[in-house]
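Engineer: Residue numbers (my numbering), protein chains in the order written: chain A, 1 to 297; chain B, 1 to 711.
Hints may contain errors.
Claimed, not checked - Within a straight-line C-alpha distance of at most 20 Å, the following computed EDC-like cross-link-like pairs (lysine to aspartate or glutamate) qualify: (1) 349/B / 77/A; (2) 88/B / 29/B; (3) 292/B / 187/A; (4) 360/B / 116/A; (5) 157/B / 162/A; (6) 321/B / 116/A.
Hints were generated in silico from the structure; no laboratory data involved.
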Amino acid sequence: MKERITPRKSPLTFQQLFLALHQFWSQQGCLILQSYDTEMGAGTFHPATFLRVLGKNPWRAAYVQACRRPADGRYGENPNRLQHYYQYQVVIKPPPSDIQRCYLDSLAFVGICLSDHDIRFVQDDWESPTLGAWGLGWEVRLDGMEMTQFTYFQEVGGIRLEPVCVELTYGLERIAMYLQGVDNVFDLVWTEGISYREMHHETEVQFSTYHFNRADVEGLRTHFLFCEKEAQGLLAQGLILPAYDYCIKSSHLFNMLDARGVFSLTERAGFVARVRRLARQIAKDALSDPADTAHVP
Amino acid sequence: MSPKSHSIRTRTPAKTAFLEIGVEEIPSDVLPGMLHQISESAKRRLTEADLAYKEIFVYGTPRRLILVISDLASHQPDRIEKHFGPPKTVAFDAEGRPTAAAMGFARVQGVPLSALMVCTAPRGEYLAVQKTCPGQTAIAILSSLFPGILSDLVFVKSMRWSTESGLFIRPIRWGVALYGKEIVPFSYAGVVSGRHTEGHHTLSPTPFRISDFAQYRTQIRKRHVLIDPQERHDRIMSQLSQQTRAIGGVLAMDDALVSQAAYTTEYPTAVVGKFDPEFLRLPTEIIITVMKEHQGYFPIHTPSGPLLPNFITIVNLPRLKNTTIVEGNERVLRARLTDACFYYEDDIKRALETRRPLLKEVIFHEKLGTLWDKTERLVHLCKSFAQGRSDTAMLLRAARLCKCDLPTRMAREFPSLQGTLAGLYGRHDGEPPEVCQAIAEHPLPRFAKDALPATDLGQWLAIIDKIDTIVGCFCAGLIPSGSEDPYALRRHGTGVIQLLAQPALQGIPLSHMIAVAIDAYRIPQKPQNVRDAIHGFMKGRLISWLESQGFRPDFIQAVLVASPLDEHREKEGPVINDPYNALQRLSALRHLSDTPCFTLLLTCIRRATRILPAHFYGTIDASLYREAEERHLDREVSRLEREVTLLCQQRDYIGAFTALASLAEPLDAFFNHVLVVDPDEKIRQNRLALLGRVRDLFAPLADFSKMEQKT
């Protein structure tokens, strides 16, 4: 039985927001995990999503994932764009038939009074060319603002999922900005007395400078080649989990090179295809590994 | 409408059948097509099932597909079936008593011997039995018909959502299926039919019970759902105009946006928001694109033209409780416009021209080189076609710059602004206005009913760009087939035809432009006959465009087969060379076909062409005329030959057809009084020669033998 959801009196702080989501999804039977410790562009890269969605057994997990998008850096000057931000990720396999209702309940749980808002499911067919993954679903909009990506994964790592898996990706900063009624992400209250600015403004300034102006392109290219080779070598030895780490790393290195604007369109497509090849091989090996070392449920 | 109502034997009164399929939000662009498919499939299946009904209605929202069948008969009519048994000779012995074969047949059929009869079949007389099969009940039929309709639906992209589900556009979550007040039992994609539905997803989410369609209809409205897309559409339209009036603005109507709003809501309401007038420093085109493409907002203009710092958005609620929703939308737009300003101001820091070398890195198509190569070809083609123009330099400038916005951030964010942005950036750099306008216009028309470029330079650049793309793709073997047209070549082709059908754009035959464009591609091994393939493709576009303009297909054939007499063009040039001429002749022909003498004229011309042997050519000897009617026809033909030639040269096709219409009566009189196949060979040849002249008179305008006689 679900708890009766009562509206909250004062808006949640940033940390209360993800604590509330932890509480909500924990009640839905989700395993609560931590952010993966390698730089990644989206919570989908977390092994708890990429690897665990592949097999047949049920899986329910929720976690906060710190994400890096080097090209989105704005030196801390843009009120909405960040090169480092937080996603709240929920993966459930197979999707329960009331998952949409459940998701709406989670919004009410964090303090969004559903009947006061215009909540829309806008078609958005999701695709990750680097992970060889695609799915159908929506971006959920709250009064015109994109706040969640709601996707039924159909394929991951080039493998057709059986059963399919639902992925909910909440944009934590946006939801918090809405709840707290602030126009600038840096004005978010992280917790009483601490703002988002204190935690991350300097990160934005320094990393924007690094990604756009300082990153050593040749070094990054070499590093990419090393990661790619390492992943291939580890796969050959059946070390799927470390191989996947190097696949994630190569994807992030690609993102850094891309932010430096060094790719022509064709070269860019070529790099994406190389990461995808790794991801596909890892998914295939993980699924066919007789010892199930990757714990693909 | 009921196809079978006359044959129905009513046992219980007809009732309303009702199907509602609850689905997670269906994409707005496929919903109208799905509703149409449901209606068509229901009609077909009901006819096949021989179940009488009065009318079919389909309704739908993003969350539900609804089918209503009014006055559906409770049963199929009974059917009488005749089963044949052994031949009469085998069934009865010499004394006329039934044999074992006859008794066996009766036993197998489950009827007494007395029910058997003898019927005559094509191969002789046979034993037979007639049985009445009672019709199935509506509920029995509907329980396979409803899931059948769902499985009939065809989607471009479908999905799986659970282990027992099949494929559907989005997950199916409930099904209400009733005949009158009774549940029609079935299951589809893991969902079992019942009588519970939901209202609006946030205002009325608790499931409720349905007794029948009439009760559903009132209850669902109370639960904030307008099931009829037309009602939502009308509500949006009236609210849009109301809200626009309230702020003293003028709405930039956008039918696609209205339809999108109607198909993404269950209860639409128009809401006005505002933005900081400071953003109006951005070019209008950019503001409008930000509003429409990202957010689906309607821009509002002042009565004199410029934008107002306002927008209208359609929310999915019957009314607003407070200002939260407006403020939320304003905040989103503010963020979007801030981003657009960032991109725009960053882009204009460097002149458009300095981005030209970057085009060397942008692939047009892997087999066809980069956009730099494309630009160089455009310049070359412009040079070849613009000889002698006073504004050649401007055309070349426009060709050089028209793709330079592709490597900008704004174009990456808003691909639909390509071209428009280059025009804006060019204007900012101080390029001549004519150049900027031509650049901005060159991607037009972007879709079927889009505007054409307004200026001469824009039109030429648009044609040349499109021809280059078409020719390149054909050279690379990327030819559209069936529903596959990844490079939108059909749209490009139709665009070229539309442009060449403009009165101003005459002078260079399309076949010549195609030939030059083929030569401009420096790629090895162009396919053989690529030119013919492109001509055939363009002819298809011409026909399809003319059909879309409402011309009869047989008229189009008649006009395209005829070869226009024009001394400026090759006599036997490909038909694609003069879309404008084809359009003019078709309009004139349509005009003629509305006049009373058209049927008679058509009959006579067809008769003449039937009698004439193929490729007949003869000379006339006036001394061989015997009848007044042939002399009269000769005089009329001679007069018209001069007149029609002159009118055709002046391209006055209405005049030419009107003149030719006067031939209907002399021709009719000729056929009524003169026997063409005279026994005298010379007289016969002479009469045929006269008819040959009649045929030649019409030949440059239209081939009447292609036209269908309509009564």
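Engineer: Taking the hints in turn, state whether each one holds.
Structural biologist: Results of checking the hints against the structure:
Proximity of residue 349/B to residue 77/A is assessed by CA-CA distance (about 19 Å); at most 20 Å being required, the pair is judged to hold. Our distance criterion of 20 Å between C-alpha atoms is broken by residue 88/B and residue 29/B, whose separation comes to about 64 Å. Taking the CA atoms of residue 292/B and residue 187/A, the gap is near 29 Å; set against the 20 Å cutoff, the hint is violated. A distance of roughly 52 Å separates the Cα atoms of residue 360/B and residue 116/A; the hinted pair therefore is violated under the 20 Å criterion.
As the CA atoms of residue 157/B and residue 162/A are separated by approximately 18 Å, the hinted pair is consistent with the 20 Å bound. Restraint check for residue 321/B and residue 116/A: the C-alpha separation of about 7 Å stays at or below 20 Å, so the hint holds.
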